[in-house]
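K.L.:
Going down the list, the sequences are from chains A and B.
Numbering-wise, numbering that gives the first Met the number 0 puts 110 at position 111 of the first sequence, and it's gapless, one number per residue.
Numbering-wise, numbering that gives the first Met the number 0 puts 223 at position 224 of the second sequence, and it's gapless, one number per residue.
Treat each hint with caution, since some may be false.
What follows is a set of in silico ranges between Cβ atoms, one per label pair, in the way DEER data are often shown [unchecked claim]:
1. A:Gln162 x B:Gly319: 49 to 57 Å
2. A:Leu17 x B:Ser36: 50 to 58 Å
3. A:Ser173 x B:Asp61: 30 to 38 Å
4. B:Ser36 x A:Met24: 32 to 40 Å
Keep in mind the hints are simulated off the structure, nothing from the lab.
Ideal Cβ placement from N, Cα and C applies to all residues, glycine included.
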Amino acid sequence: MKDINSNKLLKLFLYLVLFAILTPMIILLLLAFASRWPWPSLLPDTYSLRAIKEVLAPHTKVVSTLFSSIILSLSVAILSAIVGTMTARALVLYEFKGKGFIDFLGLAPNIVPGAIFAMGIHVVFIKISLADTVLGVIIVHLMYTLPYSINIMRDLTKSIGDQMEMQAYVLGASPLKAFMYITLPLLTPGIMASVSMAYITSFSQYFITLLIGGGKVKTISLLMVPFITKGDRNIGSAYALVFAISTLLVFIIIDKIIKKITISK
Amino acid sequence: MKLELKNLSVTLSDKKILKSINLMVEDGEFISLLGASGCGKSTMLKTIAGLINQSEGSVILDGNIADKIPAHKRRTIIVFQNFRLFPNMTVWENVSFPLKILGVEKKQAREKALELLKKVKLEGYENRSVDELSGGQMQRVALARALAAEPIVLLLDEPFSSLDMNLRKDMRELVSELQKEYKITTILVTHDQEEALTMSNRIAFMHSGQIEQYDTPENIFKHPVNTIVADYFSKGIYVNGEITNNRFVSELFTSNANKHNGKYKCLIRPLAVKVNKYYKGDFKVASKIYQGDNFLLKIHNSKDLKLESIISDSVDIVEGDRVNIELDMDRLIFIPEKQ
């Protein structure tokens, strides 16, 4: 009896989650194609391709912006995963002075409100001429994504520990080989999660990208947000669709690549 | 391979774990490091393997100082208590891991792995994933993997303590067989005195970072150098006395003892005490405890001297009976009192 009940509860949660994810997606889809949608109609009265045409029009440069946006966020995600993995390893497995401080520093960008942080860093970036550059945007995104990456990797690194590596050493593997053959495959799920998390965080940054990029570094968020805030919800939704579909595709590709790497090993 | 530890000291986070250890293990010998948990046994094993750096002294392998050889080149291989099988590999991949590192071709490595799995009686398990194995099977895989690396010294870190009783016996036999077959110098770390007594050529008894005694199982059991060693193997009652002219004199009894003059403690283990039922006996039976094969008898006399004895289940003595005792002089152990 108990089993069946808990199963029902689980199903209920599953449907609730599905509802919470799918409803906005459906509304987004309808909005992107709606032309007249007066209150209180449940569905739009008339449909049109205006928003889609507008978004895909050559003057918006949506394809090239999307492409550079993906490259930028992927760079951030991969760098974040690498630095996060190494930092987590240092924090978990090694003893050094100032460990607690660095641990805390990792969280700092999330504690200070984004706007204040961005203003401060902007001044610094202007001085070292990183403002208005892609590199500057990547670095500032990294500051936002690193706390997530470090935390994801720290918990995993802690649970794996260095026991397996020690075993690999005594069996003849050099530290590098032990890491490549044993620890890295075990860390893969975490790295995957870290890459996804950093990617989505970077991809959806608006304010700091605008500020540090100075409008010269264009991302899909920069194109999308003005339409949402200006009130053209149809075009905003069309951009949101492009945003969601491209992100999904990127995740599928990352997943495929990582599976291929781990299986061939 | 002959292994020698010379004045080996290890300090970890300002705590002295090993204090100037000297130990010599002959080629092909099987020794046990015995001691309570926290005495530094595992640290010593890791130091030999090169996983921990000593603060003083040397590890000497076959006459050559091995201090500068990193862990992965020492071929001193540890089998850990928790087996540490690589979860991202199948059974045969685990066993052939050391070969893969050496660059052996995949096909050859697999053949060698299958051969070793046969040795540890795990034929047909090669393609299983490691989380499908039972404790005993994991242990076998860990052993096969260690053998694949062709160790010059095999280090076993409490390998049987996580297995249940019956399995432990099988695994002990398997390890002994393999050790004899491959003639690998082996160090077994254990806190189980029975394991140490039955498996090893020699036992090094460790206590708070020092080796108290290093001797054959029989000698260490019969002639412990101090009360710490004596108590670890089999507890008993100590009677204080003095030896003069090869005669031990105490309040309870006198006995011949071929020792130097001086103050001694005489350890009376339960097996050294024989009891006879006698209604006018000096001792009274306080309790009789069932132990399966036999009974443990706790007795005391009017001076409140408490002794223990072991009797077979056929002897008709019950609680409250009065008994006489007879000491088996050969089983008495004389330990000199520290000056």
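K.L.:
So, for every hint listed, does it hold in this structure?
P.N.:
The hints, checked one at a time:
1. For the pair A:Gln162 and B:Gly319, the supplied restraint of 49 to 57 Å holds, since their beta-carbon distance comes to about 55 Å.
2. For A:Leu17 paired with B:Ser36, a C-beta distance near 52 Å keeps the hint of 50 to 58 Å intact.
3. A C-beta distance of roughly 23 Å is found between A:Ser173 and B:Asp61, which places it outside the suggested range of 30 to 38 Å.
4. One distance hint, 32 to 40 Å for the beta-carbon pair B:Ser36 and A:Met24, is violated here, with the actual separation near 58 Å.
Of the numbered hints listed earlier, those contradicted by the structure are 3, 4.
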